[in-house]
Amino acid sequence: MTSSTILSYVTFIYFTGFTLYLLMMVMGKKSFGTAATFVSLAGLVAHSVAIVLRWMESYQLGIGHAPLSNLYESLIFFSWTVTLFYLVVEWRTKNRVLGAFVMPISSLALAYASFSPSVNSRIQPLVPALKSNWLIAHVITCFFSYAAFALSFALSIIYLIKLKNQGAGRAGSFLNRIPDSRVLDELNYQIVIIGFLMLTLGIITGSVWAHSAWGTYWGWDPKETWSLITWLIYASVIHARIARGWEGKRIAVLCIVGFACVIFTYFGVNYLAGLHSYAKS
Amino acid sequence: MIDRSELRALRIFLILDSEEDTLAFAISVQVKKTGNHMNATINHGTSKKSGLGIFWRFFSSVKLTIALLVILAAVSVIGTLIPQREGAIDFAMGMNPRLFQVFMSLNLFDIYHSLLFRIILGFLVMNLVVCSIDRFPVTWKLFSYIPSPDKSRIFQDIPTEQTCILSGNSKHILDRIEEFLHKRYGKVFSKKGDKYSSFFVQTGRFSRFGVYIVHFSILLILAGGLVGSLFGFEGYVNIVEGDKTDKIHVSGSRQQKNLGFEIRCDRFTVSYYKSGMPKEYKSEITFIVNGKDVKKGTLLVNHPLHFRGITFYQASYGTIPGKKIILRAVINGKSFSFPVSLQKSVPLPGNGGELLLEDIRDNLVGIGPAALISILPRHGEKISIWIFKNPALAKSRLPEPMLKSPKFNPSAFRPYTFFLEGVDTVYYTGLQVSKDPGVPIVWAGCVILVTGLFITFFMSHRRIWIRAENHKSGVRVRVAGMANRDPVGLRRHLFKLTDDLRKYVL
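Read top to bottom, the protein sequences are chains E and D.
Every letter in the first sequence is one number past the one before it in the working numbering, and letter 218, counting from 1, is 218.
In the working numbering, each number is its position in the second sequence, counted from 1, plus 1000.
If you're looking for bench data, these hints aren't it; they were derived computationally from the structure.
Among these hints, one or two may not hold up.
Stated by the list, open to error - Derived lysine to aspartate or glutamate pairs resembling EDC-like cross-links, with alpha carbons at most 20 Å apart:
id, chain 1, residue 1, chain 2, residue 2
1, D, Lys1279, E, Glu247
2, D, Lys1183, D, Asp1194
3, D, Lys1435, D, Glu1280
4, E, Lys131, D, Glu1284
5, E, Lys131, D, Glu1280
6, D, Lys1389, D, Asp1359
7, D, Lys1063, E, Glu247
8, E, Lys94, D, Asp1486
9, D, Lys1274, E, Glu247
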């Protein structure tokens, strides 16, 4: 299948992008940054083409469906949303430091999808439970929220690195290229808001779907519950920030905890029994 | 809902503008908050010691909100680690009995329906309601307050993009400005003077209620859940193809519930993809009222059927032995296969007598399908034998005395040896049955929640002041504003407003 081959190459393109962002940060040469953006953008284009191809391939097999139906396809889509989201943020903020922290996430997700023996890349037909118009809306909203939270995680890490090395910044150190911590904090909050809204939509579309498939809009299935836990954590981040005026370090730490919940919702839940088993393999 | 950033904004408001009305307003907000002893962030230690005071202070705190959200998250985590409800049986069997007692008393095997969980939710609801009541007066003031159109300090240090010079008759220009503002913002507040005229307009002031909308929607969703648990039910029923029933099992209890009408499963089919994966589960269902077929429908996964406020979902399926088997008899090396129906007798091949099929079991003592046959020989006594579909497995699994008993020996009736070739099976369909009058409330809550989040996060209350003063042969217009969030968006808004205003007046 051509799409899987392209995707395995995109893994390396993203890794190259990551290396270039890192070089830009360490060596301070702008040309590396420009190259990094171009490489990542090229990767994203190839990635998008591969997703469309896979979609078409599924129709050629006579089992046409959007490529959002199993672990392999979800990892591909996750990586795609993270890269897309990052490039939009880079374009809007005109700062590339975040790239060195986000591109490894995109690259790792693709590498796991492409090279892990436990992840099956075959195009499979949809089992009855997945045959629903809600599949696309549910998966897209959920993964946009995951991508936003991945970015927020990267921003929080950068924030903490900056905080730890405050005052130690020698001239020319990469720390000087990190935006002001207040800018980081504000950007993080904006991204958390987008992620929170998307997660809310993801949970709602999921429960509408569950209502038509399983007869109940909320069944305390582990994946459902963990998405609620994630939602509660980010809800407390937003309350802490808006109403209690929390900023900086505390918010950054909470966002890292939040992303840990996202990761557990995504992967960890597979080790608990539940109804979302199709996302396992 | 007033919060810290808003208070900060209020203070800036104060610093920016010392005109009396604003000052009076800002002070009234501060006094209101102090006077009511309601806001923990401003007012520590001066609270009345009355019961209501303590209650109010406790439940109006955002610290409590954050604590409750985190506790709710933590309890939910526990619920995903300990198997819940039906899934808990195996887990509980292997437990220390003392620990089991503790788990049972805390209802940890059904944590999401436990008293503990409901108390936390109750606290959250109280917290939400009290916070909303507590902060609403201030929000209302911010919503309805109209500041003076005439302000000076706000125009200090504004970017050049917020200024323009319009040439022409000043009376005409002022009219055009007012007309433009009215078209774009609705109500325009103005103060005309000899030297200059001032205008005030605002947009998005409704967004101040976004937070209340969000919180109201949460209450609505919880209310919908409550309505569902009080007035709804959830159950399941298995119906064999061709059979009908009017009773269902209620989930989580041993009770049965009478539906008041009958459901018949006319047909159940499973189809598969080439790879062997299931493609579709389909039940043809008929609803029967007083013996009459009232409604027919096809039930698929993701496509439930509704009847009289009750919804039926395709949940599972299975097979049970039907009423026919294929038996093979071997006599002196000769083999005969023939069908036998339950409770029917057939003549034995080779004229040995009559054979009666007495029972069919889907899974006898864990060894799989088996049939009980009785042989009435021409001469002698009746012999009953259990024939297993898998005799090799039976041989390895059955205990020695049973194997020796003629009852489990397929060759007990000489010279015949019997084999169970096949058991006819029939499908049953497993339906999830539920009635939940809370669902529409929950969906309404979800729509309101998303709307509220959009309003809260992406809209802002923008207050805009415009000053037009005589300038040489025309009018100099300056535009300035304030917003409760998104300063970048406000700037863009003011730039565009200035530009559009210039174009309109020209």
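For each hint given before, does the structure comply? Return the numbers of the non-compliant ones in rising order.
Hint check: 1, 2, 3, 9 fail, others pass.
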